[in-house]
Amino acid sequence: MTTLMNLPILPTAIVGSYAMPGWLERLKTEYFARRISRHDLDEIYDTAVKAAIKDQEIAGLDIVTDGELRRDNMVDYFLERFPGVQIDRSSKKFYYDFYDSSVQGKLPAASLGLVPDFKFLHTFTERQTKFSITGPHCLAKRIRNQFYPSEEALAMDLARVMNLELRALASAGANYIQIDEPYYSGFPEDLPWGVRSLNALVEGVDAKIAVHICYGNRYGKPSWEGSYRYLFPTILEAKVDQLTLEFARRGGEDLDLFKEFKPPFELGLGVIDVKIHEVETPEMVAEHIRKALCVMPAEKVYILPDCGCFHLPRDVAFAKMKAMVEGTRIVRKELGR
Amino acid sequence: MILKLNHLQGQAAATTAEEAIKTICALMEEGHLKKDQFARLQIELDWIQYKQNFREVVIATHGYRANGEPGPIMDVHVDTRQVVPGCLRVEFLKALARANSNGSQAPRDRLPLEDFRSLRHSIVWDFNKLYWARLKDWELSTGRGYEQALPGGQSDGHNRQAIADSAAEFWTLLRDLDNRNQLPPEIFILEIGVGTGQRCGLWLDHFRELDRQRQTRYYPKLRMLLGDYSLATLEMSKPAVKDHADLCSFLVLDATNPLKTLAFLRYKIMHVHSTNVYDNLPDEEVVRRDGRIYFVQVRAYLPMQEVSRMCAGYGLAPDKMRQSVQRILEGAFDDFGGHERGVALWREIWKAMRLEERLVLVEDLPDFPFPDGLDAAKLEDVLEKAPSDFRLHLSSGALESFLNTLPLLHPRGYLQVQDIFVTDLDQYRLGFYGPGKLDGSLLNWVNGALLKEVAERAGYDVHFAPFHYRKGSRTSTLYTTRRE
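Residue numbers (my numbering), protein chains in the order written: chain A, 1 to 337; chain B, 1 to 484.
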């Protein structure tokens with residue numbers, strides 16, 4: 001297991017995305033309508049990412065992301081970069097919509113060009129960073145497969161191409177990488193090959209690897225409901241360091257699974273509900289953490305929101321992060337750490 | 001001048017159009033209308049669907065800036081249904097004189113009941129509320145139930161085949177979830193606006209029977225929530241669902257914000273249904289003219305002629321008429337020489353009530369009261385492909401209800417709304433869609449096209465299906481599907 005240095009006990013971070021400002025949504029649309037240039041849009045992104053980094057630092061997070069503000073959504077940003085994935089660019093009405101995409105031949109190995117995003121993040125913060133990418137199971141579910149014999153075969157080949165990118169990211173200094181796989185919960189029957197493709201993705205990548213599994217956050221609402229029980233025991237075969245799960249919205253019932261199965265992973269504990277605008281109190285956060293510490297040692301717990309903050313207004317997201325940090329400090333104090 | 005025909009009633013349109021053109025030209029020659037006014041004048045010929053409405057034969061609506069300064073535009077609306085040959089000259093003159101006074105003179109022929117304001121905050125909604133609160137009084141006075149006032153004499157919400165199909169569809173959803181081991185232990189269903197409770201009762205009957213035939217044991221898991229803002233209505237609905245009493249809960253809730261009452265069931269409700277609720281929720285309208293957006297402000301009034309007649313008939317002092325209206329709204333019918341006379345006066349006031357209008361530039365209103373879920377930028381997006389000069393409903397209450405209901409839906413849940421929807425913004429060019437009066441209540445078509453646009457941003461696709469169970473029905477069913 002990769003250990004990150006200089007972090008306090010119960011390190012705090014966001015899952016990946018930060019609040020998408022309304023003005024940035026409009027400017028993305030302006031770009032699609034060809035009313036602003038790519039150069040201007042890139043400058044706008046740089047400015048927005050710097051602001052998101054600053055917000056996270058001021059909120060007191062120990063680990064910082066780029067807020068994923070350059071991404072239209074968690075799928076298109078990656079699929080657009082895959083040579084061999086055909087995109088129908090007329091299929092999108094609103095920037096957040098998914099493109100219709102397909103594969104009609106074997107995917108060639110090529111750089112996805114994510115390293116500059118990481119380097120930009122690394123340049124503008126001195127804190128520990130986390131870089132997130134969408135996993136092969138999720139991407140395979142969004143692509144119309146017209147070549148591979150199965151979804152699993154497509155996911156395995158996506159993983160093969162993405163593995164090169166992960167290695168490049170690790171070489172560039174990304175020592176904490178998170179793989180987002182929200183569709184596991186919608187298609188629990190896929191889990192065995194989902195885990196196989198995940199393992200192929202992270203093979204030989206020298207970084208702490210987390211996998212984030214939630215019940216969906218598309219348009220700020222859940223896509224599925226159920227229990228994390230479906231993950232076990234199959235998920236135990238995943239070659240990752242950390243499982244990042246949502247508990248704030250759904251309650252802590254599934255924490256017992258960690259007692260029952262004793263997984264070797266760290267736990268990324270979701271303590272902030274990102275689907276409501278009401279801001280949690282620090283004490284509510286602390287209570288979530290205390291419950292988790294009944295089943296996991298504090299050394300193996302990271303403190304996070306349930307999912308990305310993409311759909312929250314910026315002021316709400318910021319207030320929630322502050323509450324998360326303050327709640328964590330309460331527990332650290334109780335632990336004497 | 002532009003003459004717009006907003007309906008397809010050929011004969012009335014042709015006659016009125018000819019007379020309108022002749023009259024306007026004559027008025028200009030006589031100096032009643034300036035040339036620059038003529039150049040910008042837009043005359044709209046409307047066929048008002050509701051025989052009872054808030055319109056006079058001709059109304060002229062001026063554009064204003066928020067500081068009260070008149071703007072350049074003026075729209076004249078003619079209700080072709082009310083036109084009788086030869087009446088237009090007088091009616092045009094009255095309307096133009098009123099519009100040209102810039103609202104500076106107190107109208108002598110009208111008794112205003114409020115200041116200009118958004119339609120949703122108008123006193124007409126207080127009357128609407130009174131109607132539902134004192135429905136029994138109204139029905140006793142008119143001698144007929146409110147359903148009989150509906151077109152077709154009955155609610156489409158009670159159509160047995162439609163209810164049976166709805167129950168069957170829901171059963172299919174549950175079976176699919178069951179097959180995936182995703183059936184929740186409790187299955188929540190919400191009816192917003194329960195009416196007599198008859199629909200809920202029938203729906204549960206059908207579902208129970210299906211469940212029995214197919215031996216699926218879903219019925220005992222159902223939790224039927226009957227929601228209405230009127231406690232009296234909820235009480236009245238109880239007998240209709242008495243056979244399913246163990247599954248039913250009765251909740252007082254605000255139809256514009258079900259989430260407020262039911263936040264604990266966020267993402268838990270499998271099916272939300274309502275019939276003819278949206279068309280009766282507070283609304284407001286905007287007009288797009290010459291590339292700019294105007295907000296329609298209204299002022300309710302009673303024609304002085306009607307005031308005089310009512311005062312004579314009921315022994316009221318004309319200068320106390322506003323107070324009398326207030327007493328009626330408080331339900332103090334007994335103050336008018338007996339309960340029945342008070343209710344009769346209520347009906348007469350409602351029948352006589354009109355709305356005058358003015359248009360205020362939205363850009364002058366920094367605090368423009370857009371309903372939740374909408375702002376100027378989103379409205380501009382919606383209007384991007386819409387007709388250039390037209391008037392549309394914001395359907396504020398319906399929009400708020402819709403947006404405050406969606407978060408209650410389970411990820412596999414759906415919303416069904418039976419109502420009168422404008423499903424395409426182009427339809428606004430072919431008809432006037434309210435407000436109108438239906439018995440003692442207020443009625444507006446619902447801007448379904450706008451709901452559809454807003455829903456997409458909230459992660460739902462909206463579809464409309466004509467209500468095919470009754471020939472001639474104007475109702476359609478809005479239903480949602482999850483947007484991927």
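For the record, the hints were derived by calculation from the structure and aren't laboratory data. It is possible that some hints are incorrect.
Residues from chain A that keep clear of chain B, each with C-beta distances beyond 12 angstroms, as calculated [stated by the list, open to error]:
id : residue
1  : G22
2  : Y31
3  : D97
4  : H122
5  : S185
6  : E203
7  : S223
8  : E237
9  : R249
10 : P297
11 : A319
Simulated crosslink set (BS3-like; lysine-lysine; CA at most 30 angstroms straight-line) [said to hold, decoys possible]:
id : chain 1 : residue 1 : chain 2 : residue 2
12 : A       : K221      : A       : K259
13 : B       : K378      : A       : K221
14 : B       : K378      : A       : K93
15 : A       : K259      : B       : K452
16 : A       : K221      : B       : K260
17 : A       : K93       : B       : K385
18 : B       : K385      : A       : K221
19 : A       : K92       : B       : K129
20 : A       : K259      : A       : K54
21 : A       : K221      : B       : K136
22 : B       : K260      : A       : K92
23 : B       : K351      : A       : K221
24 : B       : K268      : A       : K50
25 : B       : K378      : A       : K291
26 : B       : K452      : A       : K291
Remember, predicted model here, so these are calculated numbers, not experimental data. All residues carry an ideal CB built from backbone N, CA and C; glycine is no exception.
### Query
Which of the stated hints cannot be reconciled with the structure, identified by number in ascending sequence?
Numbers 1, 3, 5, 7, 9, 15, 19, 20, 21, 22, 23, 24, 25, 26, in rising order.
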